[in-house]
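Going by this note's numbering, 86 is the number at position 86 of the sequence shown; the sequence numbering is gapless.
The hints are simulated quantities; they were obtained by calculation from the structure and are not laboratory data. Please read these numbers as outputs of a predicted model, since none were measured by experiment. Check the hints yourself; a few may be wrong.
As the list claims (entries may be wrong) - Pairs of lysine-lysine residues, derived as DSS-like cross-links and limited to a Cα-Cα distance of at most 27 Å, are as follows:
hint, residue 1, residue 2
1, K47, K57
2, K114, K186
3, K57, K110
4, K205, K83
5, K83, K124
6, K186, K72
7, K150, K124
8, K114, K72
9, K150, K206
10, K187, K68
11, K150, K98
12, K72, K150
13, K72, K205
14, K186, K83
15, K83, K68
16, K186, K124
17, K114, K57
18, K186, K68
19, K68, K113
20, K115, K150
21, K68, K124
22, K98, K57
23, K113, K98
24, K68, K98
25, K150, K114
26, K71, K114
27, K205, K187
28, K187, K57
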Amino acid sequence: MDSKKQTTRSQSHGNSGNEKQSNGNSNGKRNSNKQKQSRFNEKNAGKLKDFFLEELKDIYFAEHEALKALKKMEGAATSMALKDSIGQHHSETEEQIKRLEEVFSLVGEKPSKKKCEGILGIIKDGETVLEDTETDTMVRDAAIIIANQKVEHYEITSYGSLAELARTLGMDDVAELLDLTLDEEKKTDVTLTELAVESVNEEAKKE
Numbered sequence: 001m002d003s004k005k006q007t008t009r010s011q012s013h014g015n016s017g018n019e020k021q022s023n024g025n026s027n028g029k030r031n032s033n034k035q036k037q038s039r040f041n042e043k044n045a046g047k048l049k050d051f052f053l054e055e056l057k058d059i060y061f062a063e064h065e066a067l068k069a070l071k072k073m074e075g076a077a078t079s080m081a082l083k084d085s086i087g088q089h090h091s092e093t094e095e096q097i098k099r100l101e102e103v104f105s106l107v108g109e110k111p112s113k114k115k116c117e118g119i120l121g122i123i124k125d126g127e128t129v130l131e132d133t134e135t136d137t138m139v140r141d142a143a144i145i146i147a148n149q150k151v152e153h154y155e156i157t158s159y160g161s162l163a164e165l166a167r168t169l170g171m172d173d174v175a176e177l178l179d180l181t182l183d184e185e186k187k188t189d190v191t192l193t194e195l196a197v198e199s200v201n202e203e204a205k206k207e
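Please take these sequences and the hints and turn them into a complete structure.
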């Protein structure tokens, strides 16, 4: 009887040892997996920051192109209210470019542009509008508003996405700067809509 108890206890201790060894192996695997996952996340964060920088260069290029286009649109507009709105946004765009340069500085990069076919296509459409409409008409003003809003919507999407990426990357100071510009772009879009709805479209309908 005593011999059987001793054998049972011996087997129990043996199983306990195996369980500890098994748990040790399991914990080791988990720690190894965590380390691999951590390295994987760091690698992906690096890739995400690279993508962020490429998009930053894209909008930097877009703002410079928009600045040139705004000057043309301001000169082509008939309504003084529209001229004033475009002129104000031209000044805002100059400040937005400076703000982007501050963002580049915060992320340790020199300001640089990446050619963006998307914004070039939108601006080209706007130039075509000027060719296809008569000077000194409200129809042209209505077309100018639409052309400007296409640019605004591109910029709103870009700044909104960049701000969220910056927050994901832990760059809250950068996100705040991008949010400032995002708010300005949204306000400009609303102003253009109000101009169209309250006066320009109705006047254009009479021509």
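| query | Which numbered conditions among the earlier hints are violated in the structure presented, ordered from lowest to highest? | reply | Per hint list: zero violations.
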